[in-house]
Amino acid sequence: MAPSHAGYAPSLDKLVKSLKGNSLEQSIESLIFLLKRRQVSGDDCAVVTAHILLQVVARSKWSDVDQLLGRIQNAGARLARAAPHEPVIGNIVRRVLGLIRDEASEDRNADDLGSETASEIQSLAPSNPPPAQPQRPPPVPILTRSTTISGGLPVSKSMFNLLSVASAGDSPMTGASTPVSQAQGASVHSLRSEVIDGIEEIMDEIQQADDQIASFADIQIHPGEFILAYQPTKTVERFLVKAASKRKFTVLIASIAPPQPGATEAPYAALRKKLNAHGVTTINLASNGLMAYIPRVNKVIFGAKAVYQNGGLLVDSGACIAAEAAREFLKPVIVLSPIYKFCPEDPSDEAVIGELGNPSTFVSYASGPQVEELEVENTVTDYIPPALVDVYITNLGPQTRHHFASILADHYKVEDIGYSLHDGEV
Amino acid sequence: MAAETNAAPTGTPTTATPAAAATPAKPQAPAAAGEEPKLTPAQLKAKAKAEKAARRAQVKDARTAAATVPAPQQAGPDAKGPKGKGKPDGQPGQNKGPRPSMSGPRPIIEKDPRSTIPDLFSHVPMAKRVPLSQAHKDVHPAVLAAGQQMAAFNIKDSIARLEATLLAFAKVIEEYETPKGNSLSRHLIPHVLNPQIEYLTECRPMCFAMGNAIRLLKARINHIDINAPEKEAKEELLEWIGILINERIKLAEFVIARNAAEVIKDGATVVTYGRHRLVEKTVLKAKESGKSFNVTVIDDPFEGGGQELAKTLMEAGIPVLYSPNLGGLRPKVAAASNVFIGGEAIFANGSLNAASGTADVAMAAQRTGVEVIVLCETINFDRERVSVDSLTYNEIDPERSTTESFRLLFDNTQDNYIAGVVTEFESGGGNSPAQAILALLRKQEDPLIA
Amino acid sequence: MATDEPSPSQASGLPVRPKDQQQNEPQSFDIVRTYRDLLNSDRDITMPVAAIESLIELMRETPYNTAMELVEKVRAEKAKLIASAPNPLPILAGADLFEQYLLKSLRGQTSDTNNASDKPLSFDETRQHLLDNRQLFAQRAKAARDNIAVWGTRYVSDGKVVLTMGGSRTVTKILLRAAQDRSKHFKVIYVLDGKARSEKAVAELRAADLEVETISMAKIAYILGAQKKINLVLVGAEAITQNGGIVSGMGTAQLAALTKSIKGGMKRFYVAAETHKIVRKTPIAYPILGQLGIKQKEVEKFENLGVETVQDENLMLDEQDEVDYTEPDLIDGFITEQGIKMAWQIWEFVDDYL
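Residue numbers (the working numbering), protein chains in the order written: chain F, 1 to 426; chain P, 1 to 450; chain H, 1 to 354.
Rather than coming from a laboratory, the hints here were simulated on the basis of the structure.
Take the hints with a grain of salt, since some may be wrong.
Have a look at the derived ranges for each label pair, beta carbon to beta carbon [what the hints assert, rightly or not]: (1) D204/F / T66/H: 34 to 42 Å; (2) E348/H / K36/F: 34 to 42 Å; (3) A270/F / G225/H: 44 to 52 Å; (4) E211/H / S215/F: 53 to 61 Å; (5) A269/F / G242/P: 49 to 57 Å.
Taking lysine to aspartate or glutamate and the EDC-like style, the derived pairs with C-alpha atoms no more than 20 Å apart in a straight line are [said to hold, decoys possible]: (6) K104/H / D132/H; (7) K263/H / D119/P; (8) K263/H / D415/P; (9) K229/H / D349/F; (10) K299/F / E375/F; (11) K160/H / D124/H; (12) K263/H / D349/F; (13) K260/H / E328/F; (14) K299/F / D389/P; (15) K228/H / D266/P; (16) K184/H / E350/F; (17) K273/F / E404/P; (18) K200/H / E211/H; (19) K160/H / E350/F; (20) K229/H / E371/P; (21) K228/H / E204/H; (22) K443/P / E426/P; (23) K273/F / D119/P; (24) K311/P / E375/F; (25) K184/H / E199/H; (26) K187/H / E375/F; (27) K248/F / D119/P; (28) K160/H / D349/F; (29) K287/P / D390/F; (30) K299/F / D119/P; (31) K250/P / E371/P; (32) K229/H / E350/F; (33) K228/H / D349/F; (34) K311/P / E377/F; (35) K228/H / D390/F; (36) K281/P / E308/P; (37) K263/H / E328/F; (38) K187/H / E377/F; (39) K229/H / D266/P; (40) K184/H / D349/F.
Glycine included, C-beta positions come from ideal geometry on N, C-alpha and C.
Using the sequences and the accompanying hints, generate a full structural model.
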């Protein structure tokens, strides 16, 4: 997968441009189509999701915060379900939802709404009509189907909820559990532009993440080291090239499969050229198994598709081989992941088992009728348990999983954490 | 694997100690050649005995040394880097003598493919195609053909290579005539067999089975009475080769497949990696006996043999799940009842030398609580060398190692990842831990006498 | 919001209160008896919540001049209550929470977040809020269990087997809730530890048409190795130590250790527990349980195992049960009413105290 990243970039630009010309619905549909066919994948998903959500904010009709939250959730869930193997879509949706909540509550304070309005909003919660039922933000997926739960989920991480005055556990929770104003008129207008600004900031963050991660490269890679880079993504490439500008070392590049027959370029030719130009030796390993090479390697580096709450990783398949082998020989495993890939949830069973890809690329169906009966299981994502990872390098610096909770708390609202886009009946 | 280029078992210990002088028959130096006839038969016999005693002592030494001092063995491959030095009983300098014509073109052939090999792997040997015109004039046509096929990896499995070697050597022996004034047991090895072995090694580093068989063959030849008539001696040798092929190859394969098939239970899911002859035979055997089970074939996409295996099994009516690569290895292995792996060789420390990627599969299996069963003939067991990593005895894949990529053919799987090894030994159940089999092998025969 | 509705007299729906009011002068308020009566009267109430309710009653009965005076009284009674139980951790968890909440109000940190003004409550207001809402807290605690069931259901997978033990009500609730989901067909293996509540849990699950297999403690290792369909090992806890370990019914540590060490399948060990079970204790010294204040016979002294018999017929059966301590390393996560937490995240809850 990784080598083809570059190939997607132009189509990404084109796609983003086309969003402006098409209707919102058309844009969403066409993106869903591309996601389902995996023509948009990996890091691009984050960018594209942000673009789409920006369009939702800018162009869909909404008259209050709840409606806006509903629209975002609706669009987000459709995208996420089109690509269940790309949790980053859900992350961006959650980020935007949190952003809206923040802006709305700032508005509320700015507007200096009296307690009268606030209590009115409290009472609004259960009977809030504008968003259609399916758009009600479910704090937990099952909640949408649930009638037996008397209370919603508390909104803050505190043991004092039990004793607090706030009705944390007592009223059904909606997206507006943090009381938000019914933005009207000018207020809608200002909220719209504030949220759009916020989404643009998220886009900037996505765009700058790789460079920020790369700035930690020379701390991690030392002179003379042998680095195993597993299917280097754009993030990893930038990291290695940055390190190469300061140090001499050797990079072993491994990947899950040989280049497709007829590939015009050797795998990672561009990366190798850049590294070689800096005097860094590169070795392409034409091997699936890595146990043979790890003893010679000092560190293993790869990028993650997503980092789960427990510190486990979703990766392009094969990276698990590198991580497992590294553990066997006690070599550090360094994972590069921008913060926006940190998911505020545990991996699902499906994620742990791995996502199945299209087998046709691996088996030539021309080779006879027997092959067609052959059940081909081509896993395209792997799950790496947290115990196999030593360091996570993010755009906010190196992290260990013990600090994830605060990272997640900084980036997601508790209301949105339980909102699982894959299972939600939206 | 480099050291086994040295026709290892005999090679390493003998060259490693001064007692190597006990093998004076080998030197091709004129002086040595002239010395030989002067010895009386009785002297020779005495000498042979002394030699044998010395070698036994060395073997014992090596056994104990092997565990603690891997250094000399590693030195073998390291030193070997530039070219096939340390041939069977290695006198590289003298070897050059007889064929000065080759030293010219040789570096060119060698340098070309090896020049792209990264420095950190430069000690690992690699097969290479030796143009027929450059082969030693003494190399027998049958050996030439076998060597070419090995270099081209048309014959690549250790046992297939062993069989090809033995059959070719049988031809060599058949057509061998002892020169006047020589005896077969004194002349055959240094003047006829060694150039053959050297050539084969040059084509592709020798596998452990070949090393073992050649060691046995040499011991056999040394054992022949110096006064025995040539015809009788040749017949004895040919018969011995026939028995070796029958027992250690044909019968072994049958017994292993039968015993391993018994491990497969109805409803089981068997995982295997790549394609190995013994695993294929085993699975087909289990199917023949009426069991119904699934096989998950995990392939090495750089090799692709698994796809062939999957097809074969499908045709036999076995439901096959085919995984084109190691992606999702953990869950796939976790779902299995057993993992079956074919072995290329097993070292004295019980570690397994097998197709590259095997170690990753075995580790995943062990970590998910699935037993790994290795299928391997005892002729592939090396009782003297130990391997703790994959870079001590290995081979570079000549086909896939280019300027663009690099690949080792094998990797090393520690014995703690292996639940049992199925060999042709029947006593005590075929499937015992490698160490138990090594112990059996040690008891079973003196390593020098077949 | 039921804030203003129940007047103190109305809130006394529990059988214990009238007795208290009729028979006891404030001076003769017996916190231990209040606590036990509460537990006896309501099977669903957790020990920490019972402790909190007892302390609320104490406040109601205690006249005071200064806030500190009341806080001191609460502390003294809390100590009494803690001393009364063989396993004081659940009480400690609830009582600590309560005490800290009072202290927060002294610092002006309690507020009515319903009110947009965010004006801090005075100590007296805080006290009144606590008195008024005693029942609400109990409801919240029960709602917390419902929320845990919502989160926990996610971890029960179709076609898989859940292994559990200990008769935790929270765990039972998760499984019952998961059973309602028609798209999930799962089975349960229940380790019987000889406790009545485990039997009861099994009966409850079976009544919900769940397929439950029961095994003895001796079979745990065997089952974990042989039954590859187990993907979730789920237990409850009596208390969560702040380092992310748990104190739970005897056998839990064994189950956790075996889950981690026995290979085969892909199993996760999860603890379902309310955050109000977190105690501000970190076991760092040997013997761990003794250090945590649990009065259990000390194995290291080669005493016969068992709980130190406390001569009190009022003791709840649960309290007589032996407990063990499970290290955070063995726990993959906590299912709390506030979502899924990793063991290392438990600290953060305690941070709130600071």
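Against the structure, the hints:
A hinted range of 34 to 42 Å is violated for the C-beta pair D204/F and T66/H, which are about 55 Å apart. Between E348/H and K36/F the Cβ separation comes to about 39 Å, which falls inside the hinted range of 34 to 42 Å. At about 49 Å, the beta-carbon gap between A270/F and G225/H stays in the expected band of 44 to 52 Å. A C-beta distance of roughly 55 Å is found between E211/H and S215/F, which places it inside the suggested range of 53 to 61 Å.
In this structure the supplied range 49 to 57 Å holds for A269/F paired with G242/P, their Cβ-Cβ distance being about 53 Å. The straight-line distance between the Cα atoms of K104/H and D132/H is roughly 18 Å, inside the 20 Å bound, and the hint therefore holds. Proximity of K263/H to D119/P is assessed by CA-CA distance (about 39 Å); at most 20 Å being required, the pair is judged violated. This hinted pair checks out: K263/H and D415/P have alpha carbons roughly 18 Å apart, not beyond 20 Å.
Note on K229/H and D349/F: the hinted pairing holds, with a Cα-Cα distance of about 12 Å set against a maximum of 20 Å. At roughly 36 Å between alpha-carbon atoms, K299/F and E375/F are farther apart than 20 Å, so this suggested pair is violated. Taken as a hint, the K160/H and D124/H pair is broken in the structure, with Cα atoms around 53 Å apart against an allowance of 20 Å. With a C-alpha separation of about 18 Å, the suggested pair K263/H and D349/F falls inside the 20 Å cut-off, and the hint holds.
Among the hinted pairs, K260/H with E328/F is consistent with the structure: their alpha-carbon atoms are about 18 Å apart, no more than 20 Å. Between K299/F and D389/P the CA atoms are separated by roughly 17 Å; this keeps the pair inside 20 Å, and the hint holds. Taking the CA atoms of K228/H and D266/P, the gap is near 17 Å; set against the 20 Å cutoff, the hint holds. About 14 Å separates the Cα atoms of K184/H and E350/F, which keeps this hinted pair within 20 Å; it holds.
Proposed proximity of K273/F and E404/P is supported: the alpha carbons are some 11 Å apart, at most 20 Å. Taken as a hint, the K200/H and E211/H pair is honoured in the structure, with Cα atoms around 15 Å apart against an allowance of 20 Å. Restraint check: the Cα-Cα separation between K160/H and E350/F comes to about 13 Å, which is no more than 20 Å; the hinted pair holds. Between K229/H and E371/P, the direct Cα distance comes to roughly 17 Å. Compliance with the 20 Å bound is thereby established for this hinted pair.
Pair hint K228/H plus E204/H does not hold up; C-alpha atoms about 25 Å apart against a cutoff of 20 Å. For a cut-off of 20 Å, the pair hint linking K443/P to E426/P stands: about 15 Å separates their Cα positions. The suggested pairing of K273/F with D119/P holds, with an alpha-carbon distance near 19 Å, which does not exceed 20 Å. The straight-line distance between the Cα atoms of K311/P and E375/F is roughly 11 Å, inside the 20 Å bound, and the hint therefore holds.
Among the hinted pairs, K184/H with E199/H is inconsistent with the structure: their alpha-carbon atoms are about 24 Å apart, more than 20 Å. The straight-line distance between the Cα atoms of K187/H and E375/F is roughly 28 Å, outside the 20 Å bound, and the hint therefore fails. Between K248/F and D119/P the alpha-carbon distance is near 15 Å, which keeps this suggested pair within the 20 Å criterion. Distance restraint check for K160/H and D349/F: the Cα-Cα separation of roughly 10 Å lies within the 20 Å cut-off, and the hinted pair is therefore satisfied.
Pair hint K287/P plus D390/F does not hold up; C-alpha atoms about 45 Å apart against a cutoff of 20 Å. Between the alpha carbons of K299/F and D119/P the distance comes to roughly 18 Å, so the proposed pair stays at or under 20 Å and holds. Taken as a hint, the K250/P and E371/P pair is broken in the structure, with Cα atoms around 27 Å apart against an allowance of 20 Å. With a C-alpha separation of about 14 Å, the suggested pair K229/H and E350/F falls inside the 20 Å cut-off, and the hint holds.
With a C-alpha separation of about 14 Å, the suggested pair K228/H and D349/F falls inside the 20 Å cut-off, and the hint holds. A hinted pair counts as satisfied when its Cα atoms are at most 20 Å apart, and K311/P with E377/F qualifies at roughly 15 Å. Proposed proximity of K228/H and D390/F is contradicted: the alpha carbons are some 29 Å apart, above 20 Å. Proximity of K281/P to E308/P is assessed by CA-CA distance (about 14 Å); at most 20 Å being required, the pair is judged to hold.
A distance of roughly 16 Å separates the Cα atoms of K263/H and E328/F; the hinted pair therefore holds under the 20 Å criterion. Distance restraint check for K187/H and E377/F: the Cα-Cα separation of roughly 27 Å exceeds the 20 Å cut-off, and the hinted pair is therefore not satisfied. Between K229/H and D266/P, the direct Cα distance comes to roughly 18 Å. Compliance with the 20 Å bound is thereby established for this hinted pair. Straight-line distance between C-alpha atoms of K184/H and D349/F comes to about 13 Å, which keeps the hinted pair within the 20 Å bound.
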